[in-house]
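As they're listed, the protein sequences go chains A and B.
FYI, the numbering for the first sequence is 1 to 413, going by this note's numbering.
FYI, the numbering for the second sequence is 1 to 413, going by this note's numbering.
Just so you know, these hints were derived from the structure itself, not from any lab.
Note that this is a predicted model, so its numbers are computed, not measured.
Glycine included, C-beta positions come from ideal geometry on N, C-alpha and C.
Misleading hints may appear alongside valid ones.
[Unchecked claim] Selected chain B positions facing chain A (Cβ under 8 Å, derived; list incomplete):
1) D195
2) L196
3) T213
4) R214
5) P216
6) K219
7) V250
8) I352
9) D373
10) A405
So you can see what is in the structure, the chains are spelled out below.
Protein chains: 2
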Amino acid sequence: MISVQELSQRAKIAAGILKTVSGQRRADALNRMAGKLLECKDAVFAANAEDIAAAPGLTDAFRKRLQITEKVFKYMLNRLQEAAALPDPVGELLEGRTMPSGLQVKRIAVPIGVIAMIYEARPNVTTDAAAVAIKSGNAVILKGGSESLRTNKVLADAMRAAAVEAGLPEDTVQLIESTDHAVVGELLKQEKFIDLIIPRGGKGLIKAISEGTRIPVLKHYDGICHQYIAPDADANMAASLIVNSKCQRVEVCNALETLLVDTACAERVLPVVAEALRGKGVELRGCAQTQKILQDCLAATEDDWDTEYLSATLSIKIVQNIDEAMAHIAAHGSGHTDGIITSSLALSERFIAGVDSASVLVNASTRLSGGGDYGMGAVVGISTDKLHARGPVGPRELCSYKWVAIGSGQLRD
Amino acid sequence: MISVQELSQRAKIAAGILKTVSGQRRADALNRMAGKLLECKDAVFAANAEDIAAAPGLTDAFRKRLQITEKVFKYMLNRLQEAAALPDPVGELLEGRTMPSGLQVKRIAVPIGVIAMIYEARPNVTTDAAAVAIKSGNAVILKGGSESLRTNKVLADAMRAAAVEAGLPEDTVQLIESTDHAVVGELLKQEKFIDLIIPRGGKGLIKAISEGTRIPVLKHYDGICHQYIAPDADANMAASLIVNSKCQRVEVCNALETLLVDTACAERVLPVVAEALRGKGVELRGCAQTQKILQDCLAATEDDWDTEYLSATLSIKIVQNIDEAMAHIAAHGSGHTDGIITSSLALSERFIAGVDSASVLVNASTRLSGGGDYGMGAVVGISTDKLHARGPVGPRELCSYKWVAIGSGQLRD
């Protein structure tokens with residue numbers, strides 16, 4: 001087994017080659033990866049079954065994350081093919097002008113270089129991350145959870161073979177096979193070779209990684225997402241949006257956690273919304289004013305406003321106006337996704353300008369904040385950072401840029 | 001004197017207001033700042049004279065950095081007015097589309113929030129940084145060198161007064177007045193309030209800051225810049241470009257440090273280039289092959305290839321071909337600014353694609369890699385990072401963005 005340092009060095013060499021490989025050839029490699037995975041489907045499922053059998057004391061939730069079902073497998077292949085079909089982000093002219101001196105100045109998207117992905121159980125991250133990284137001309141180092149090592153090894157081997165067939169360096173994709181905990185620490189030290197680390201997983205993992213390295217880390221913290229129901233909101237639209245935001249999938253980062261209701265419409269709208277939520281089995285925890293309107297609602301404590309439930313629980317607070325709603329979001333939100341439900345242009349614009357989150361929504365489910373529903377295709381996560389990438393991270397976000405200036409002997413005065 | 005924490009908190013509050021202030025009003029504030037500085041010109045010069053008088057054992061170079069001359073003062077005012085006249089980067093529509101569902105998705109530039117600038121002697125950074133930060137809707141915390149504190153205080157007070165007159169929060173600009181070394185450490189801890197730190201100064205300062213904080217740091221390391229003279233280069237154009245790249249100003253980051261000459265043209269071009277450089281008093285240090293052509297050239301050691309002289313010294317290496325030139329730049333360059341001198345389209349394109357630097361130049365002086373000559377107006381420095389901003393950092397680079405999605409009740413399936 002090669003050392004993490006050598007592996008990182010190999011990734012850097014591969015990145016040096018990848019930056020001059022055409023977009024067509026990178027797309028070809030992604031399509032071949034999907035084809036190669038289909039060829040070795042039996043091996044993937046067999047390795048995955050071994051991983052599941054070997055994992056001790058598996059909870060249902062964990063097994064669900066670890067398991068590659070027919071649906072998940074199909075999705076993994078689709079992601080590779082979808083990424084192949086996207087426009088090439090590399091070489092995109094981001095801006096350009098000819099200066100009075102005749103100097104032609106251009107800002108052009110280029111690959112970042114080497115991206116290390118550190119993640120937990122889900123093996124589909126292995127193919128998703130490779131898809132987005134290779135689409136944008138980067139070499140990728142994968143460090144998945146040790147529980148899915150057998151699965152990841154089959155996936156990575158297939159992708160490496162496909163890369164070679166397409167004329168890309170084999171080390172475009174590399175999997176760290178050691179399950180020794182020390183290897184992550186080693187990886188965090190490779191600032192000479194690795195340009196960006198993307199951790200996926202719980203807050204603890206992300207925090208530990210970003211505090212343990214000098215390499216830039218793109219953070220994907222979880223989301224405490226809000227919807228604010230403005231005075232003029234339609235009760236039925238509000239109910240359907242709140243139910244979808246909360247219930248479409250409860251354990252994800254863009255699921256709704258806190259509902260803010262304007263006092264001017266609370267008595268009219270809240271009972272309709274609560275009825276719809278109860279029909280879905282959602283536990284409601286409200287402020288004192290909420291409890292006056294919804295008698296069977298539990299009492300929310302101060303902690304509730306800062307809690308990401310990731311389960312079928314929703315906190316509800318009645319606010320005096322849009323300013324209190326925005327102040328609550330500023331104080332308790334995580335800057336991920338926050339929405340307003342209103343038919344007022346003025347209120348929607350105040351909310352858009354005043355809420356400092358990666359995604360600000362008007363009359364839309366929080367579950368729509370993501371790559372696919374924004375037309376970005378494959379993404380490797382949703383960034384809550386404000387520097388570099390904010391919100392969904394797709395192929396364009398895994399690019400840097402360079403300035404190119406073409407002259408005919410121009411000097412500085 | 002308020003604590004660094006309280007000052008940072010005030011900046012955050014100011015940033016919350018600034019993000020909804022119109023571009024017109026921010027431009028007005030910048031113009032008023034220039035006007036106010038002109039009004040208190042005498043006070044600025046008096047404070048600056050006191051700073052210079054109080055600095056013990058001043059070297060000439062240091063005095064030059066510290067002193068505000070008529071020319072520097074005029075430049076400072078111009079920078080504020082130029083920034084005011086630039087297009088507003090805030091609110092720029094970076095991309096947008098309407099999805100099949102009818103969801104209107106937009107990516108819009110927004111201020112980053114609170115930017116802390118840590119810098120050494122030059123007081124013009126005080127106004128430059130404020131100009132760029134305010135142009136992009138950010139609140140700015142200034143921590144200048146203690147030697148220029150009196151000057152900086154007059155500058156900051158004038159800018160604060162002008163901000164208030166324009167209807168901006170007074171704390172849009174704040175100066176840290178304590179000269180206690182511990183305040184920088186305190187500043188580095190304010191991750192709750194500060195969104196970005198920009199250090200300006202020597203490599204040591206930048207390294208210490210970026211290693212001592214969890215706040216994102218935009219690094220402006222110095223430059224080991226190269227020019228590669230390709231086989232077909234015109235000797236006279238090469239000589240004028242090399243002289244300008246090296247001599248126009250020797251102590252800056254985009255000055256030339258190493259000249260790479262293709263062996264195919266070395267005997268033809270190198271004597272012409274060397275003659276021009278000697279006329280400017282430049283000391284030449286060459287590889288063994290160079291010494292065969294230029295008999296009075298000193299011998300370069302391996303260390304020379306990794307040295308940023310920041311003085312009238314140039315290292316010269318003869319390379320076998322463009323690949324060796326690019327390999328040398330990859331091994332010894334700092335990713336700042338590197339150029340090729342050629343009339344070949346094919347060679348220029350190989351160089352542009354193959355050299356991974358913030359600025360890649362063709363037939364242009366390295367001294368042109370910067371904000372003004374790229375048409376960006378005021379900049380706060382030149383980033384050698386690959387994430388977020390790369391190359392010149394102007395108002396657009398001090399913006400983040402948010403996703404805004406406007407719907408009519410769209411749900412996720």
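Verification of the hints:
| no. | hint | in the structure |
| --- | --- | --- |
| 1 | D195 | holds, 6 Å |
| 2 | L196 | holds, 7 Å |
| 3 | T213 | violated, 11 Å |
| 4 | R214 | holds, 7 Å |
| 5 | P216 | holds, 5 Å |
| 6 | K219 | violated, 10 Å |
| 7 | V250 | violated, 13 Å |
| 8 | I352 | holds, 5 Å |
| 9 | D373 | holds, 7 Å |
| 10 | A405 | holds, 5 Å |
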